[in-house]
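Q: Sequence:
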Amino acid sequence: MNYLNVSKASDLKDKKERFVYRLFEILPGFLSFGTLFFAVFFSWKEPVLVGIFIILFDIYWILKLLYLSFHQISTFLKMQKNLKRDWQKEIEKFPDWKKIYHLIILPFYKEGKEIIEDSLNSLLKTNYPKDKMIVVLSGEERVKERAEKIGEELEKEFSGKFFKFLFLLHPSNIPGEIPCKGSNFNFALKKAIEKIIKPLNLSPENVIVSNFDVDTRPYPDYFLCLTFTYLATKKRERASYQPIPLFNNNIWEAPAFSRVVAISASFWQMMQQERPDALVSYASHSIPLSVLEKIDYPYNVVSDDSRIFWKTFLFYNGDYRVIPLFYPVSMDAVVGKNFCQTIINQYRQQRRWAWGCNDIPFVLFGFLKNKNIPLSKKLWHSFNIIEGFWNWATASLMIAFLGWLPLLLGGKEFNVTLFSYNLPRTTRNLMTLAMFGMLIGSFLSFLLLPKREKNYKRSFLISFFAQWLLLPFCLIIFGSIPALDAQLRLLFGKYLGFWSTEKVRKYVS
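Residues in the sequence shown are numbered from 1 upward in steps of one, following the working numbering.
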């Protein structure tokens with residue numbers, strides 16, 4: 001099953017396989033740019049057909065928005081219920097729950113000590129027994145002097161507060177790796193097994209590994225909830241476990257557009273929790289050690305969090321899933337050293353996330369290679385991943401501009417028709433209905449706000465609601481455009497390297 005470690009077409013030695021994989025790499029960009037090209041072309045040649053299409057497309061998106069909004073509300077209510085639930089009482093239904101250890105790995109690169117310290121303190125504040133928690137802090141040799149200084153200081157501060165605390169440096173230039181979070185995690189996991197798990201003879205079935213971004217702060221009962229869900233799940237070792245990422249650690253310090261993007265990302269993940277058949281591991285997530293002993297964590301791709309799901313899905317012939325926890329962890333919104341840098345960082349982060357389109361050729365090629373996965377699963381997941389990245393790249397642009405293109409390009413003959421007169425008004429009215437979803441988002445985002453810092457004025461709350469007027473622009477500038485950027489790179493084989501999002505907690509005016 002060597003194809004499970006393929007990161008790009010050139011990794012394949014067989015010419016035919018390399019050709020097929022390359023076609024799959026071209027597919028996402030071909031579909032997205034082809035859609036936009038034909039939207040313009042047919043607005044010129046067949047403006048009436050395009051007008052009908054955009055009305056149907058807007059109706060489709062309104063129905064989809066309503067569908068997802070109900071999922072969002074449902075997830076929010078379940079999350080609120082889980083936040084109030086007595087997880088200590090729940091977990092005691094399993095007499096052997098104290099046998100479960102949690103291995104938490106925090107890879108870091110250039111993040112400041114205060115970022116990592118906040119995350120470690122949040123682990124200490126959780127309600128799970130600390131003598132069952134193993135923490136591995138893994139820096140990068142590329143910044144050896146800085147990483148060693150931070151790591152050694154934190155090791156001295158926290159080493160006696162958990163069952164085990166291990167500080168490591170991930171070596172540079174390991175053959176086959178790319179410098180990224182995934183390769184750091186893969187190295188740290190192997191060292192933790194070698195130095196802690198095996199010497200203590202801990203059973204892999206009793207160890208849950210949490211791959212956390214270094215800014216991740218779990219809510220107090222996270223590990224109790226995770227342990228309960230793990231023990232209550234049938235075929236528990238054929239699943240990953242996904243919390244809800246709330247990008248609100250520094251939400252009071254983020255500029256308006258960054259808040260909109262961050263909250264929108266949280267909302268999307270909330271919606272996905274209600275769609276477990278389409279849920280893929282994302283950002284900070286947890287996996288049984290028994291799985292990771294069989295499958296190498298991705299060390300040569302940018303989007304390691306989603307790739308580990310697809311690797312395990314293929315390895316287990318489709319018998320693998322992601323279990324939603326309906327319980328949150330908090331992470332950072334994008335904040336740069338100044339306003340302009342925040343814009344640049346936000347774009348780069350979105351482009352890196354959009355580079356997940358690189359999973360499309362991996363999944364489609366894997367489905368060709370693996371004959372044991374049911375065809376229905378192959379078709380469903382193929383459609384879901386292709387449609388998702390296609391929508392990401394094109395939907396916002398088509399909704400914003402396609403209603404006007406027939407008027408601009410359709411010529412005089414079309415512009416004198418009653419249909420041309422009503423087209424922009426019809427699309428405008430349909431999009432007004434879509435404001436329902438934005439109102440739900442605005443209200444829920446307010447309820448998800450962390451406690452207000454003393455130095456922020458109440459007028460901030462007014463701007464917090466007004467920020468949603470930026471949503472259409474954010475969906476294009478930090479949605480469609482970086483997605484098209486990523487797909488264009490993949491189309492031409494210009495593979496994107498890993499970019500670590502800068503972590504700054506400083507008010508941006």
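Honestly, the hints are just simulated from the structure, not real lab data.
Any given hint could turn out to be false.
Claimed, not checked - List of simulated lysine-lysine pairs, DSSO-like, C-alpha gap at most 27 Å:
| # | residue 1 | residue 2 |
| --- | --- | --- |
| 1 | Lys190 | Lys130 |
| 2 | Lys451 | Lys16 |
| 3 | Lys144 | Lys93 |
| 4 | Lys377 | Lys235 |
| 5 | Lys195 | Lys164 |
| 6 | Lys99 | Lys234 |
| 7 | Lys93 | Lys195 |
| 8 | Lys451 | Lys81 |
| 9 | Lys98 | Lys81 |
| 10 | Lys110 | Lys89 |
| 11 | Lys144 | Lys99 |
| 12 | Lys337 | Lys377 |
| 13 | Lys144 | Lys89 |
| 14 | Lys164 | Lys113 |
| 15 | Lys190 | Lys110 |
| 16 | Lys144 | Lys337 |
| 17 | Lys99 | Lys235 |
What the hints assert, rightly or not - What follows is a set of in silico ranges between Cβ atoms, one per label pair, in the way DEER data are often shown:
| # | residue 1 | residue 2 | range |
| --- | --- | --- | --- |
| 18 | Phe38 | Thr426 | 17 to 23 Å |
| 19 | Phe37 | Lys156 | 55 to 61 Å |
| 20 | Gly497 | Pro199 | 34 to 40 Å |
| 21 | Asn422 | Glu387 | 49 to 55 Å |
| 22 | Gln80 | Asp277 | 19 to 25 Å |
| 23 | Trp404 | Val143 | 27 to 33 Å |
| 24 | Trp404 | Lys337 | 25 to 31 Å |
| 25 | Asp277 | Leu447 | 49 to 55 Å |
| 26 | Lys45 | Gln80 | 36 to 42 Å |
| 27 | Glu114 | Ala278 | 32 to 38 Å |
| 28 | Leu63 | Lys190 | 43 to 49 Å |
We put the beta carbon where it would ideally sit given N, CA and C, even for glycine.
Q: Are the hints correct? Go through all of them and say.
A: Here's how the hints hold up against the structure:
1. Between Lys190 and Lys130 the alpha-carbon distance is near 22 Å, which keeps this suggested pair within the 27 Å criterion.
2. For the hint linking Lys451 to Lys16, the alpha-carbon distance of about 57 Å lies beyond 27 Å, and the restraint is violated.
3. Note on Lys144 and Lys93: the hinted pairing is violated, with a Cα-Cα distance of about 46 Å set against a maximum of 27 Å.
4. As the CA atoms of Lys377 and Lys235 are separated by approximately 19 Å, the hinted pair is consistent with the 27 Å bound.
5. Pair hint Lys195 plus Lys164 holds up; C-alpha atoms about 10 Å apart against a cutoff of 27 Å.
6. Simply put, Lys99 and Lys234 have alpha-carbon atoms about 18 Å apart, close enough for the 27 Å limit, and the pair holds.
7. Between the alpha carbons of Lys93 and Lys195 the distance comes to roughly 32 Å, so the proposed pair goes past 27 Å and is violated.
8. The straight-line distance between the Cα atoms of Lys451 and Lys81 is roughly 19 Å, inside the 27 Å bound, and the hint therefore holds.
9. Between the alpha carbons of Lys98 and Lys81 the distance comes to roughly 24 Å, so the proposed pair stays at or under 27 Å and holds.
10. This hinted pair does not check out: Lys110 and Lys89 have alpha carbons roughly 40 Å apart, beyond 27 Å.
11. For the hint linking Lys144 to Lys99, the alpha-carbon distance of about 36 Å lies beyond 27 Å, and the restraint is violated.
12. Of the supplied pair hints, the one linking Lys337 and Lys377 is violated, its CA atoms being roughly 45 Å apart against a limit of 27 Å.
13. Proposed proximity of Lys144 and Lys89 is contradicted: the alpha carbons are some 45 Å apart, above 27 Å.
14. For the given pair, Lys164 sits about 20 Å from Lys113 by alpha-carbon distance, which is consistent with the 27 Å threshold.
15. Pair hint Lys190 plus Lys110 holds up; C-alpha atoms about 22 Å apart against a cutoff of 27 Å.
16. Straight-line distance between C-alpha atoms of Lys144 and Lys337 comes to about 23 Å, which keeps the hinted pair within the 27 Å bound.
17. Between the alpha carbons of Lys99 and Lys235 the distance comes to roughly 18 Å, so the proposed pair stays at or under 27 Å and holds.
18. Between Phe38 and Thr426, the C-beta spacing of about 21 Å keeps the proposed range 17 to 23 Å intact.
19. Range check, Phe37 to Lys156: about 59 Å between beta-carbon atoms, so the 55 to 61 Å window is met.
20. For Gly497 and Pro199, the hinted distance range of 34 to 40 Å is satisfied, since their beta carbons lie about 36 Å from each other.
21. Taking the beta carbon of each, Asn422 and Glu387 are about 30 Å apart, not inside 49 to 55 Å as hinted.
22. A C-beta distance of roughly 24 Å is found between Gln80 and Asp277, which places it inside the suggested range of 19 to 25 Å.
23. Checked against the given bound of 27 to 33 Å, the beta carbons of Trp404 and Val143, roughly 49 Å apart, lie outside it.
24. A C-beta distance of roughly 38 Å is found between Trp404 and Lys337, which places it outside the suggested range of 25 to 31 Å.
25. For Asp277 and Leu447, the hinted distance range of 49 to 55 Å is not satisfied, since their beta carbons lie about 27 Å from each other.
26. Remark: the range hint 36 to 42 Å for Lys45 to Gln80 is contradicted by a beta-carbon distance near 52 Å.
27. Hint check: Glu114 to Ala278, Cβ distance near 37 Å, so the stated range 32 to 38 Å holds.
28. A beta carbon spacing of about 47 Å between Leu63 and Lys190 agrees with the range 43 to 49 Å that was offered as a hint.
The structure does not agree with the numbered hints 2, 3, 7, 10, 11, 12, 13, 21, 23, 24, 25 and 26 stated previously, though it agrees with the rest.
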